[in-house]
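Once you have looked at the hints, place chain B on chain A.
Protein chains: 2
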Amino acid sequence: MVQIIGWGHTRFGKLAEGLEELIVQAGGEALAHSGVAPGDVDAIFVGHFNGGMVPEGFPSSLALSIHDDLRFTPAARLENACASGSAAVYAARDAIESGRAKVALVIGVEKMTHLPTAEVARGLGHAAYQPEEAGLSFPQVFAMFARAYFDRYGDHARTLAEIAAKNHANAMANPLAHLHKALPVEFCEVASEKNPVVADPLKVTDCSLVSDGAAALVMAADDVAASAPRAVRFRAAVQVNDFLPMSRRDPLAFEGPARAMRTAIAEAGLTLDDIDLAEVHDCFTIAELLVYEAMGLAEPGQGARALEEGIVRPGGALPVNMSGGLKAKGHPVGATGVSMHVLVARQVLGEAGEMQVAGAEHGLVFNMGGSGVANYASVLEPAR
Amino acid sequence: MVQIIGWGHTRFGKLAEGLEELIVQAGGEALAHSGVAPGDVDAIFVGHFNGGMVPEGFPSSLALSIHDDLRFTPAARLENACASGSAAVYAARDAIESGRAKVALVIGVEKMTHLPTAEVARGLGHAAYQPEEAGLSFPQVFAMFARAYFDRYGDHARTLAEIAAKNHANAMANPLAHLHKALPVEFCEVASEKNPVVADPLKVTDCSLVSDGAAALVMAADDVAASAPRAVRFRAAVQVNDFLPMSRRDPLAFEGPARAMRTAIAEAGLTLDDIDLAEVHDCFTIAELLVYEAMGLAEPGQGARALEEGIVRPGGALPVNMSGGLKAKGHPVGATGVSMHVLVARQVLGEAGEMQVAGAEHGLVFNMGGSGVANYASVLEPAR
Chain A
1 MVQIIGWGHT RFGKLAEGLE ELIVQAGGEA LAHSGVAPGD VDAIFVGHFN GGMVPEGFPS
61 SLALSIHDDL RFTPAARLEN ACASGSAAVY AARDAIESGR AKVALVIGVE KMTHLPTAEV
121 ARGLGHAAYQ PEEAGLSFPQ VFAMFARAYF DRYGDHARTL AEIAAKNHAN AMANPLAHLH
181 KALPVEFCEV ASEKNPVVAD PLKVTDCSLV SDGAAALVMA ADDVAASAPR AVRFRAAVQV
241 NDFLPMSRRD PLAFEGPARA MRTAIAEAGL TLDDIDLAEV HDCFTIAELL VYEAMGLAEP
301 GQGARALEEG IVRPGGALPV NMSGGLKAKG HPVGATGVSM HVLVARQVLG EAGEMQVAGA
361 EHGLVFNMGG SGVANYASVL EPAR
Chain B
1001 MVQIIGWGHT RFGKLAEGLE ELIVQAGGEA LAHSGVAPGD VDAIFVGHFN GGMVPEGFPS
1061 SLALSIHDDL RFTPAARLEN ACASGSAAVY AARDAIESGR AKVALVIGVE KMTHLPTAEV
1121 ARGLGHAAYQ PEEAGLSFPQ VFAMFARAYF DRYGDHARTL AEIAAKNHAN AMANPLAHLH
1181 KALPVEFCEV ASEKNPVVAD PLKVTDCSLV SDGAAALVMA ADDVAASAPR AVRFRAAVQV
1241 NDFLPMSRRD PLAFEGPARA MRTAIAEAGL TLDDIDLAEV HDCFTIAELL VYEAMGLAEP
1301 GQGARALEEG IVRPGGALPV NMSGGLKAKG HPVGATGVSM HVLVARQVLG EAGEMQVAGA
1361 EHGLVFNMGG SGVANYASVL EPAR
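Order-wise, the sequence lines are chains A and B. In terms of our numbering, the first sequence has 330 at position 330, counting the first letter as 1, and numbering is strictly consecutive. If you count the second sequence from 1, you need to add 1000 to reach our numbering.
Hints were generated in silico from the structure; no laboratory data involved. Fair warning: there could be bad hints in the mix.
[What the hints assert, rightly or not] Stretch-level coverage of chain B by chain A, calculated; a stretch enters the list once three of its residues show a Cβ under 8 Å from a Cβ in chain A:
{"id": "1", "region": "1063-1074"}
{"id": "2", "region": "1081-1094"}
{"id": "3", "region": "1103-1112"}
{"id": "4", "region": "1359-1373"}
[As the list claims (entries may be wrong)] Here are the in silico distance ranges between beta carbons for each label pair:
{"id": "5", "chain 1": "A", "residue 1": "122", "chain 2": "B", "residue 2": "1147", "range": "34 to 42 Å"}
{"id": "6", "chain 1": "A", "residue 1": "196", "chain 2": "B", "residue 2": "1250", "range": "55 to 63 Å"}
{"id": "7", "chain 1": "A", "residue 1": "115", "chain 2": "B", "residue 2": "1147", "range": "31 to 39 Å"}
{"id": "8", "chain 1": "B", "residue 1": "1032", "chain 2": "A", "residue 2": "227", "range": "47 to 55 Å"}
{"id": "9", "chain 1": "A", "residue 1": "271", "chain 2": "B", "residue 2": "1175", "range": "16 to 24 Å"}
[Said to hold, decoys possible] Here are a few chain B residues that face chain A, going by a calculated C-beta distance under 10 Å:
{"id": "10", "residue": "1013"}
{"id": "11", "residue": "1016"}
{"id": "12", "residue": "1018"}
{"id": "13", "residue": "1019"}
{"id": "14", "residue": "1028"}
{"id": "15", "residue": "1029"}
{"id": "16", "residue": "1032"}
{"id": "17", "residue": "1052"}
{"id": "18", "residue": "1078"}
{"id": "19", "residue": "1121"}
{"id": "20", "residue": "1125"}
{"id": "21", "residue": "1134"}
{"id": "22", "residue": "1136"}
{"id": "23", "residue": "1137"}
{"id": "24", "residue": "1153"}
{"id": "25", "residue": "1259"}
If you're wondering where the values come from, they're calculated on a predicted model, not measured in any experiment. Note that the Cβ used here is the ideal one computed from N, Cα and C, for glycine as well.
If we strip away everything but chain A, and leave its shape as in the complex, we get:
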């Protein structure tokens, strides 16, 4: 078994720090939090997308800057677009379960806000299938998902606005979030000068934030974790990749996400009713809506019910994105998957501060690269 025994998390937002400083801050904080001495780290995994947004094309060894005792520690970078952070988490799982590592340090990081929006869009566009989608930005890709959804199930601009407003409200309780600004549903629903259309029907409030930030985890084998001050275990961890070209996938079926989440919950020996909260990949509000349906909270086309019935809201049966999600917590892409694991680990230990879901025992992470291409679903629970 693999356990999470410590974490670090910079604030997400427009930060002065560069990539190396973010790595060092989050990684150093995670080591201190776990009580593990740097010299006891057996392997390092850095989750980082890059996409040309920063010149650091070989960031793995930057993590050795955290402490001199990390010199000679194996380090590698994992990339799976916006799921690069979870790719690093899962590589650490393999390293520990294989017996190669007793302790692994995982750091997810991205630096984006120094670039003009068009260059960020171009950077992220490198995660699309180039022969067919090179001209599309990710807002355009998810706008296609939204249009397909509206065409099949009716106009759901209001539902998307409800998701945006929920996540903005949730972020008020997360001191690490990029944006602390509660937005009324009406503001999110109606296009305006302050909330213009980005790619019809998606408006600014339907899109996640361009952020800088890093998050880190210390993960360990059972024997090391036994003496750690805190420990969270993976009850399940499932990765599913789908074809990269959108032309080879049914957008509304969201098959990769559905398979990942449903398999993870089944492998955990649980049902969705047993999950107390989820941090999911709301890169766009339409994605969160599709995730409700993919995880089985609602039938296809019925995701709005999860909001109407309060299920996914604070105090509901399965609060989603108590952190504010990518929408308001921010989305430094390589950091996101690690951040989600940090936040769910905090929740299941009752250490989530004002974000805390009372009595949370089983938490779900769903992190996605591309439009349902690289899909990671983890179920976390307290180890003791």
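Positioned in the frame of chain A, the structure of chain B alone reads:
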């Protein structure tokens, strides 16, 4: 234990194929070679540097294009600069040893020749430590190594020329090599119009080639490998990362490479005398010279002896880079580490064609990212 049960390898060179086609060719060939059905692949690892040289910033799922039955198979990209290929190999080892995968498909790939030389240099330059080395090209970095070596141990331009000539001659026996052109030592030694200085004292013949290409491995757990037509096992596999900034490393000590190779040989329960051949990272001729010393073939400053005494030449006690090495086989950076494992696997099974080292039983791979930053050393032997 983890075993290699099949491989694929495109020709290296200036190829018409794009990144996806290279992945599909090498990966498909490896699956066919192993006899494994695509539907039996449990995990895919793609080794790819990128550095902005191609727009495909999220290549992992391109491997699913090999066969429809690969849909939903977990895939991730590994990056560790010019050791990205070995990073993928080692991630596959972890996945298999952890029990998560019975069969893993590993593909290393790079596409470089479509770019002007200056843009390739800029792409590779993203593997340097940006705050201190952003203005340096890799030839300049290794020229500093060469100058430091010459300053301490005397002018070894002749030694470097011997290495270049050896590897060019070796490549004549490798049909997959980028360059089939034997070059006299004198041509390599003396700067000329046809062999100009790139970064003093390194000339064109001291530098590896800018190449396109892909290589692939099918790796499997013991029970699957037992019924495979061929099997090679890892007797040892060691990864060592060093600090990224050159200012924090003694270039001539080459500590990361030395630790990786010496630890691998020790963990294999062998001595250097037991190693029958090696494929090592001659990104520049000075690197191969330093590798001789780092692996213990010669004392510091005495690496030339390995050439003078014929040890590293065909028919010697430890032939190095029978494939032609990065120097003449070519160096599509993400493919290189996988290619090395393919070539050493072929050698220890007696399947290396005209490159074959008679009676080879134990082979060493040494793949390096940056100037001794990410270091991977594997010892391979026949599994049966």
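Each hint, compared with the structure:
1. Check on the region 1063-1074 of chain B: 6 of its residues sit with their Cβ under 8 Å from a Cβ of chain A, so the three-residue criterion for coverage holds.
2. Coverage of the region 1081-1094 of chain B by chain A holds in this model, with 6 residues showing a Cβ closer than 8 Å to a Cβ of that chain against a need of three.
3. Figure legend: the region 1103-1112 of chain B, annotated as covered by chain A; annotation inconsistent (0 residues with Cβ-Cβ distances under 8 Å, at least 3 required).
4. Counting residues of the region 1359-1373 of chain B whose beta carbon lies closer than 8 Å to any beta carbon of chain A gives 3, which reaches the threshold of three, so the coverage claim holds.
5. Taking 34 to 42 Å as the suggested C-beta distance range, the pair residue 122 of chain A and residue 1147 of chain B conforms, at roughly 39 Å.
6. Between residue 196 of chain A and residue 1250 of chain B the beta carbons are some 56 Å apart, a value that agrees with the proposed interval 55 to 63 Å.
7. Separation of residue 115 of chain A from residue 1147 of chain B is about 37 Å and conforms to the stated range, judged on CB atoms against 31 to 39 Å.
8. The given range of 47 to 55 Å is respected by residue 1032 of chain B and residue 227 of chain A, whose C-beta atoms sit roughly 49 Å from each other.
9. Remark: the range hint 16 to 24 Å for residue 271 of chain A to residue 1175 of chain B is contradicted by a beta-carbon distance near 57 Å.
10. A least Cβ separation of about 22 Å between residue 1013 of chain B and chain A goes past the 10 Å threshold, and the interface hint is therefore violated.
11. Interface restraint check for residue 1016 of chain B: the shortest CB-CB distance to chain A comes to about 15 Å, outside 10 Å, so the restraint is violated.
12. Look at residue 1018 of chain B: its Cβ gets to within about 8 Å of chain A, closer than 10 Å, so that hint holds up.
13. Evaluation of the residue 1019 of chain B hint against chain A yields a held restraint, the C-beta minimum of about 9 Å falling below 10 Å.
14. Checking residue 1028 of chain B against chain A by beta carbon gives a least distance of about 16 Å; that is not within 10 Å, so the hint is violated.
15. At its closest, the beta carbon of residue 1029 of chain B sits 20 Å from a beta carbon of chain A; the interface hint therefore is violated under the 10 Å criterion.
16. A distance limit of 10 Å between C-beta atoms decides the matter here; for residue 1032 of chain B the minimum to chain A is near 21 Å, and the interface restraint is violated.
17. Satisfaction of the interface hint for residue 1052 of chain B is found here, the shortest Cβ-Cβ separation to chain A being roughly 5 Å, below the 10 Å cut-off.
18. The interface hint given for residue 1078 of chain B holds, since its Cβ lies 6 Å from the closest Cβ of chain A, which is under the 10 Å cut-off.
19. A hinted interface residue such as residue 1121 of chain B counts as satisfied when its beta carbon comes closer than 10 Å to some beta carbon of chain A; here the least separation is about 13 Å, so the hint is violated.
20. Annotation: interface hint on residue 1125 of chain B holds; nearest CB of chain A at approximately 8 Å, less than 10 Å.
21. Annotation: residue 1134 of chain B was flagged as interfacial toward chain A, and the flag holds, the nearest CB pair being 7 Å apart, inside 10 Å.
22. About 13 Å separates the beta-carbon of residue 1136 of chain B from the nearest beta-carbon of chain A, more than 10 Å, and the hint is not met.
23. With a least beta-carbon distance of about 14 Å to chain A, the hint placing residue 1137 of chain B at the interface is violated under the 10 Å criterion.
24. Below 10 Å, beta-carbon pairs count as interface contacts, and residue 1153 of chain B has none with chain A, the closest being about 25 Å; its hint is therefore violated.
25. Because the closest C-beta pair between residue 1259 of chain B and chain A is about 6 Å apart, less than 10 Å, the hint holds.
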